Every structure is written in C-alpha cells, then in structure tokens.
Amino acid sequence: MIKLTLNGAWINMKNINELTALRDKFKNSIAIRTGDTAAANGEKHVLVCGGTGCHSSGCNAILKKLKESLKTHGLEDKIKVVVTGCHGLCALGPLIITHPDEIFYELVEPDDIEEIVTKHLIGGEPVLRKVYHEAIVDGKLISFHETDFFKYQHKISLKNCGIIDPECIEEYIARDGYQALAKALTTMTPLEVIDMVKASGIRGRGGAGFLTGRKWAYAYLTDSDKKYVVCNADEGDPGAFMDRSILEGDPHAVIEAMAIAGYAIKADEGFVYVRAEYPIAVNRFEIALKQARDFGLLGTDIFGTGFNFDINIRLGAGAFVCGEETALLTSIEGHRGEPRPRPPFPAIKGLFGKPTILNNVETFACIPPVILNGPEWLSKLGTENSTGTKVFALGGKIKNIGLVEVPMGTTLRTVAEQVGGGIPNGKAFKAAQTGGPSGGCIPAELFDIPIDFDNLLSIGSMMGSGGMIIMDEDNCMVDIARYFLDFTVEESCGKCTPCRIGTQRMMEILENITEGRGEVGDLEKLEELGEHIKASSLCGLGMTAPNPILSTIKYFRHEYETHINDKKCASGVCKALFQYVINEKCIGCTICKRACPTDAICGEVKKPHFIMQEKCVKCGVCHDKCKFSAINIG
Amino acid sequence: MKKIKTTAGFMGTSEQKEKLIAMIAEHKDIKGSIMPILQKAQEIYGYLPLEVQQIISDETGVSMSEIYGIVTFYSQFVLNPKGEIAISVCMGTACYVKGAKDILDRISANIGIKPGETSKDGRYSLDATRCIGACGLAPVFLVNEDVYGRIEKPEDVDDILKKYTES
Ligand SMILES: Cc1cc2nc3c(=O)[nH]c(=O)nc-3n(C[C@H](O)[C@H](O)[C@H](O)COP(=O)(O)O)c2cc1C
Ligand code: FES
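Sequence lines, in order, name chains A and B. Position 363 of the first sequence, counting from 1, maps to 363 under my numbering, and the rest follow consecutively. Residues are numbered in my numbering as their position in the second sequence, beginning at 1, plus a constant of 1000.
The set of hints was computed from the structure by calculation and includes no laboratory data. Heads up, some of the hints might be wrong.
[Said to hold, decoys possible] With beta-carbon atoms standing in for the labels, derived distance ranges:
1. A/Glu68 <-> B/Arg1150: 40 to 48 Å
2. A/Val581 <-> B/Lys1153: 37 to 45 Å
3. A/Gly299 <-> B/Asp1159: 46 to 54 Å
4. A/Lys567 <-> B/Asp1058: 56 to 64 Å
Keep in mind the model is a prediction, meaning the values are calculated, not measured. Idealized CB from N, CA, C, for every residue including glycine.
Hey, can you work out the whole structure from these sequences and the hints?
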C-alpha cells in the first residue's frame, strides 16, 4: 500500500525501515522541544497548550491572536505554532512555551501576545511578568524543569503530552512511535511480548492493580476463533482526568499499545470505551485512528507480517458502574451496563462471549516504552511490588492543580507540598483523598507514606485510577464521606442487594448525622453495615463503596463525634449544624440585606439588622460581604 | 439521576424522523449498536421522548421495554428537552471541595428552578453534572457550551447569568 504523508513524502509502511526513515526525518524537528538547542538550527517553536484545562481557560483565543500576530510580523513561516496536549499545570492556563529557549508562560491573555511576539520572539527578551512565577528566582530566570512542580516528576505515560501535536502522526513517529509495535511484530513471538510485560512488573493503572502480564497470559492461553482488546477510558472517578489527558495529548500511544496487546493475545479487533463527556478526547482519538489506518499501522497485514488489527470507538453514556470491567463489556454489547459475576473472567469469557483483555488507558500508554526499552527499564523505577510511575490528577485545595506523574514510592508529602505547591491562603492540610468513590481519606499524619498500591490499601484507601484531592481545614470530613456515598448511591446499578439497599441505609445514617439527628451508636452501625457491604456485593462498586466512610471514621472519628454529640460542624459546612447570626457590631449599612439572595435579612438603615433563619439558605454571602465582622457562624 | 417521564409535548419534524430512520439503517447491523443509535438519536432531537424510542424500537426490532431500560439507566440520556439556556454545575470532587454546592444553590435561587428541572417556558434548565474533567479550573459551571471556571464566590455567578438572562 502506498501512502502520501501529510508532508508530501511517499512512504510504504509495509516494513520497519520505512518507519525508521520517517522517524529520522522528523526527529530533529521534535528534538528542539526537548532541550536540544543544537537541533534547532535557528528554528523556533511556540507550543500552545490545548489540554482540557487550557481549553476551558481560553487557549483558542490565544492561538488565534498568536497566529495573527506572527502573520502581521511576517513570521508565520519562520516560527512554528503547535497545539499540544496537557502540560500538567492546568491551574495556570492558558500556557504557552517557546522552544528551544524553553520559556514557560502562565495565565496568558490575548492582550499579552503582541508583547510576547515583539519583545521575546523578535527581540529575544522574555516577557518576565508573564513567565511561570516559579521559574524566576531572585529576579533570575531558571529552567522550568528545575521548578518544584517539574523536578520531582518522571514522565512515562505522559512522555509525549505537551510535547507533540497529538493530531500529527509524524510527530509521534519522530518520538519512536510505532517502533515498539514494529519490534514486537517482526522480532518477537506473542509469548515473548507477554513475558516482557510480566517481567516489567507493571500493574493495571485503572483501579485494582492487577498484573497486566498475567492478565494477557490468561487470554493468550484461552483458545478461541475471536478475541478482543478493550481499552477502558470511562474514567468515572469524579475528580480525575489522567486518561482524558493521555487520549487528548498522545492518542497514538494507546493505539500502538492496543495493537501490541492484540498481537500478544491473538486478537484482531479492539474497542475503546470513552466517556461521552470527553468530546476533545474522542475527536483526537478518531483523527489518530484514521491516520494510523492511512499509514497502514492499523488494518490488514501490518508491517507485512500478516497481522491484522483495527479499533472501534464506543461512547459511554454517563454511568459510573460502566468503568467496572464486566459492566463495560455489557454496555458495549448494547445493554444496561450491569456487571456480571466473575468468574468467568473476561480473559476467558468477555466481550460477546469471547476472550477479552481490558486495560486502562494509562496502563496501555506504558506498554510501548516497555517493549522498546526492556522490562528493567520500568522495573528499576518505583517500589518492589509497584513498578514504574503513576499519574495523579491533583485537585482540590492545592496550588498546582493539574496533572503530575511521579515514580511509585514518592511520598504523599512530596506530591502535595513540593509538586503540588502546598495549600493556598496559608490554610492547614487536613487530608488527601485517593481512589475516588472507592478510596479513602488519608490524614496529614500519614503523609510520609510512600505511595504505592499496597501501602494505600494498608491504610484503608486505594490507588484507584489516580484522582488525588487535597483537603484543608475548611473541609468537613463527614460531608466528604456523604458526598462520595451520595455518588455511589446514585450510581449503584441496582442489580445486587447489599450495594443497592446497603449504601442507601448508610446514606440515611450519614444524612441524619450531618443534619443534626445523629445518635450514639450510629458510627458502630455504619462500620458494621460497611463491612457487610464490602463482603457481599457483586462488583467492585459495592465492594469499595464504604471505603470513604470507613476511612474517615477511622482517622477523623472525633469529627463525627462532634457532629453527633455536640451537633456542631466545626468547618462550617453542614448547614443544619450552624446558623449565621448578626452581632452587636452591626451598624446597619444594609450591604448584607441587599446581597442576600433570599431576602432573609431585615432591618432599617443605621439600625442593627436581623437574619430570619427560616428564610436563610446559609449561602454565606452576608458573611463574606460584611465589612464590620458583624456576622457570626454559630 | 432520578428520571421523570417526558412532560414536554412532542414536536418532532418529519425531517428529523427521516434523519433518524436513515441513521438507524446505517447502524443497525453493527453488534451492540443500540447505544450508538440512541446517542445519535439524542443528537438529532436533543432528548429521547417515548415517541422517538418507539421509532427506534420499530426500526431495530429491539423491544420497547429494553430500550426504555437502557435510556433510564444511563444519565446521559434525557427524557426531557434542555432549556434554551442550559446551565450545568460540575459536581466532581475537585469542584465539590471548592464550593460547587454553594454555586448550585445560588444559581437555583437565582433562576428559580431546582437541579434536574427545566423551567415551564422552556427557557432555562439546571443540572448538577458529573465531573467534566476541567478540575484545574474548579469550581466550574457551564452555560450551554461556555465554560466558567475559577469562580471565587457564589455571588460571582450573578453577573455571569445576567449576560444570558438580559439577552
Ligand atoms: C465501580 C468501578 C469503576 C471503575 N472505573 C474504572 C475507570 O473509570 N477506569 C478504569 O480504567 N478502570 C475502572 N475500574 C477498574 C476496572 O474494573 C478494571 O479493573 C480496569 O479497567 C482494568 O484495567 P487495568 O488492569 O489496566 O487497571 C472500575 C472498577 C469499578 C469496580
Ligand atoms: S490543560 Fe494546559 S496544562 Fe493542563
């Protein structure tokens, strides 16, 4: 098959040499973006982050302005503008980065562009007021790689995110893309591929941490005329966006890995199940699929080896339980996404009744470099039983909200204080939540624990898919537990009783506690119910649903007790447990009265005001607006 | 999400129906095609009233009870149309710990409908949605396609809403 690449060169992707020739052709143009000034040869690149975070904060307007400005200065052919995936520092978006001089700009607004173009790109002098504030130390510029956010990170699954243009297959190929597939197909047997994955020690990044190599081996050993490879991109943890960022920033890595998996287990068809809430990811993945087909990297007789493989996309429709592997398969088959009992495991009897392996996006993204560099390359990183790195979506009360990838075994403290930059507004750390609705809250006292699969389990949480929410003194742990339980109650598919009814009963008790009707003995009841639900539910949703409650009871029992015994919420979150009251400092300025959305405040000008509790919705606006500290939380 | 029966009168056009039937014909032989068909049908109509479900059932031979079961299982499928001004507040964890609930309450008080409702005149709808993955900008809400993030105080929503309510 003869193909025309986007750049006009004829290639024949039927053998590995052609791939390598293409890689070498584009290698230099990418090396510029990884600190190789020699490769630049006078060329300049400006990368505009097009990740979801930056997208929402307005990168399109920046891009438009940048292109216009370069055009007016006659530079549109001299300076290359590239839209990339997420760089990780979403809190400071929109971001742009220049290469090869590696200047990282934060919080860029359209009006800053002209100055950046004239002063920096033309004049050679970075616009310091817009440079990433951590990259300026004592008035001097340092490389952004040396800032706390970047220096503790080690990127494997995210290695191309923020560097390549995800809509350009040549850029992926230039970063050794599809070399691992070529190596596997032309020099390795399926068993050798599986053994290499096994030896790397890689465990699934989607939740349970099952050994990927072992899963593949089961599917390999099951005889069948048809097998499937499925990628789980449902990313249901509310507060996680790792998988989304990989699909958006480096979709070919997932395609390549799925094809490798297909070769290893002898499957010829793959499915990617993506959340419908991720339109950019779906769109980029579709583009990537088309390019891979055009280049002969998907389809029939790949690299002339007789191996056939292609991938379909299926969109989720907003059901958390569909992240669970058997429910996901049921959903692809076109039914209500209810889980099925295991065994039989999908590796034996999966999609449409055929042997199927199912892996998470991040797990797949780690596979090509393992095949290319050998298993030790991964296993030398991390801890004994958790090799490699893990991507976390840092969120909540933390300065550097965004996406980070650190070696397994990094402590929570390093992630929160150094990489995350600590808590804003000088507040105190209270807890970190990992594992989403299946995980638990880790108190500040345990922040020195190295993060890996087993350590997190031993302290009552779990790795989950990688959401990490930091909480400060203003967050009420009872309310957080209620939040997660509310989520699982809503998302429970209803098929098994412990999960459907049990979580509902736990919810009622928790609601009583947060609304001032808690009773002595409630905590023991919650603990007992929780243990039963964990032991008897059908799928992982129910088996883990009590974790947020059990872990907060374990580490924050006193907080539950003040809610139950004193009917108080010290963080001022549980609305039934406090009131806003106006004190004697009120001078009758009427600001609060005018600000109140429900007209709950009465009083005449220059006379003390009064809050009618029955109308008050406790939004706190009056408290924030009062200039005289005249409103108490009591 | 609790599903209420379709309350709005059905006003599908014959053009929409033609599109729907053509789309079904194109997909129905793919394995497990009912989900993609429902998703595309919702793109055509904006929601999935019983009338549309019936057409899908007739065309695919999948029973109405099965289709209704699927539609009510997945929160993305809706039985009622969204308002012209569709507001959704992200209730992902990152947004929640940064006060998304207060923002939802404020908007609800402001436009006078509860989450999950569409106003009688069809002008507004309000939803508490699952994580939209814009955690870096938490707390976040959406008005139609526009994303508003980094909301510092609940009352900041008032000015944003004014842009829509006054036009
Ligand atoms: C309720 C529930 C939700 C889940 N959600 C996800 C998810 O969103 N993404 C994911 O990759 N795995 C999720 N999992 C884990 C999957 O069942 C499965 O273990 C995983 O996708 C396997 O891939 P891995 O071995 O690469 O981790 C979920 C599990 C449960 C029980
Ligand atoms: S989206 Fe730009 S840094 Fe994450």
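Exercise for the section: Any hints from earlier that this structure breaks? Give me their numbers in increasing order, please. Expected result: As far as the earlier hints go, 1 and 2 are violated by this structure, in ascending order.
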